[in-house]
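> Position chain B with the ligands against the provided structure of chain A, taking the given hints into account.
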Amino acid sequence: MKSLGGSAHALVDMQLGEISRELFVNQDLYREEQERIFARAWLYVGHESQVKAPGDFFTSKMGEESVILTRDRAGKLHVFLNTCRHRGMKVCRYDQGNTKNFICPYHGWSFATDGKLVGVNDYQAAYQPPFDRDQWGLVEVAQLKVFRGTVWATWDPQAPSFEDYMGEAMFALDKGFAPWDGGDGQTELLGVPQKWIIPSNWKFVAENFSCDVLHTVSHRSVDMVGIGPSVGEGRRDPMGRQLVTSYPGGHGCLYGIWPTETPRQDYAGSAETAAYFQDCWQRRIKRMGKQAGIIPVVGTMFPNMSFHAQQPRTILVAHPRGPLETELWRVYFVDKDAPLAVKRYLRSYYLRYSGPAGMTEQDDMENWNYASAASLGTVSRRYPYHYKAGLRAGGASDDVPGRVTENPVTTEQNPRGLYKRWADYMDAPDWTALCAAQEQP
Amino acid sequence: MSTGYSPCGPDAARLAYLDLMREIEDFYYREADLLDERDYDPWLELFTEDVLYWMPMRLNLPWEERAQDITSEEDTAWIHDDRATLEKRVRQIQTGIHWAEEPLSRVSHLITNIRLPAPVSVLPEGASVTVKSRFFVYRNRLETETDVLVGRREDLLRRLGGELRIARRKIVIDQSVLMAKNLTVFL
Ligand code: FES
Ligand SMILES: [Fe+2]
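Order-wise, the sequence lines are chains A and B. The first sequence begins at 1 in our numbering and counts up by one. The second sequence begins at 1001 in our numbering and counts up by one.
By construction, these hints were calculated from the structure, which means they are not laboratory data. Please note: incorrect hints may appear among the correct ones.
Here are the in silico distance ranges between beta carbons for each label pair [said to hold, decoys possible]: (1) A:Gly232 - B:Leu1104: 24 to 34 angstroms; (2) A:Asn101 - B:Ala1013: 55 to 65 angstroms; (3) B:Glu1025 - A:Arg73: 50 to 60 angstroms; (4) A:Thr410 - B:Phe1136: 37 to 47 angstroms; (5) A:Arg381 - B:Glu1025: 47 to 57 angstroms.
Glycine included, C-beta positions come from ideal geometry on N, C-alpha and C.
Excised from the complex, chain A in its bound form (with noise of 0.2 angstroms):
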């Protein structure tokens, strides 16, 4: 891959807070991106319980691409690029099931769950000499990682671990992706995904659930009416000292810090769920001691991996379809264990608070639209954004790791953040040069 020669970090001014709105409209640029970070980038695939058992696949997207996540004969995990090799069509038209095989509907060629081309029509009669069925099978990821339950993939063999990956930011997908009692228990989906297209640049999606806190104004006619899960104004119950927090790697998180000696009333909307809240505190905080009260409220891992692990408990990826087209894919997820009033009280919940119908996220998803909207044009373009925000804030803090800003003390060091690594991405031609870069500010 050629080097851009850094003319993407000259659409980043760090030092200024300054970045440019062609990274929201540009076709070219967004081109590049599907090159240099989707095909790079560790990507958030799906959930281990959506495919629990042999021969179960769901399909999911890397960017704008169709994937199979399938669980084969043998029980191992794999993510296929969701296209024949014969001729490009899509072997896998359902979004989800169990399979011995997956058929192509156009001239027959079948897939075994782990890949393998094991039927093609003719063969014998069709291919003399016979070609290599072995070099003809679905094309797998490069990495594969299983998480918390959260499955992840990325199509480079060159990309570090999914560990050296995230980084630092490992704590908050640990913390966030933990049952509610912090322990080793499983959480689970609460059912199909929400699939939506909205008119916007990805990148508005990402920054925001990065944790753009300056954005309350957009939500104040929810938190006027109070759809919170206790009764009252609001969205959520008080989540404590607020920690807004960035990583190298691009990813950024808010944190909730509770002080583990003052009793909390969370859910107190649902007699069932606000019970079994506080006996996974107890256990919580016996395990935990004072890190017990650390929860990462909202984040985003970059690229386009974002998240609500307090209240909702959801995941949120923003697939890519064009400068001014994103698919966002939502999940909702809770402990398996939660008793059944407890999973139902969550989901209603979540879905009054986020997803198309969520009384939250429509007024973002209009602000989305109308500034990709609004900066389209040959002027609007020449002015970049403004993400001055806490400039020069923000430091170590003996409560998380990253780079921390607390609460009342606002900033957009997430953002910034983010857009400082998209231009790594976009500049460097492998990743020794993203490593590399990772380590500059």
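Chain B with the ligands in isolation, oriented as in the chain A frame:
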């Protein structure tokens, strides 16, 4: 078909059925007007206190599994609301700062194919009837932003205080990937 009318014969049942159908159709047309004319408070009154307002999602599944291509009540959904949440949605629009509907979208609800899968001719106080219908909803906002949402409704209508009320609404949209950026329009 008989020609003569008899007050207690089969024609009476037929007339009662037609009368009920007319009442149901009129109920839906009035509901559409309330929504499209942004008369949300009387619209809320059309629902019972224990209503489930539910919009499941759609899946792409093999022929043998086609019966499951609408997500179940225990699955995720686009919307899974009780009466209190429905009311919050209305209140949010009425704040005047719910940006997704501020300024308001222009909406037309076309409700057609109204049918009683199990025909009844009388609906006494407290009784319920299942009504199926189609919706074709056109939404346009700001300048050119346009969504067309099409699908089926399956309602349970109950007679309460002499009036029809919606005790349960299932909204089945004909999209798997939702092509609208949000669902701020009531269906
Ligand atoms: S495209 Fe799949 S068999 Fe030809
Ligand atoms: Fe938001």
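> Indicate, hint by hint, whether the structure satisfies it.
Verification of the supplied hints:
1. A:Gly232 - B:Leu1104: 24 to 34 angstroms: At roughly 27 angstroms between Cβ atoms, B:Leu1104 and A:Gly232 fall inside 24 to 34 angstroms, so the hint holds.
2. A:Asn101 - B:Ala1013: 55 to 65 angstroms: 56 angstroms, holds
3. B:Glu1025 - A:Arg73: 50 to 60 angstroms: Holds, at about 55 angstroms.
4. A:Thr410 - B:Phe1136: 37 to 47 angstroms: 46 angstroms, holds
5. A:Arg381 - B:Glu1025: 47 to 57 angstroms: 53 angstroms, holds
The structure agrees with every numbered hint stated previously.
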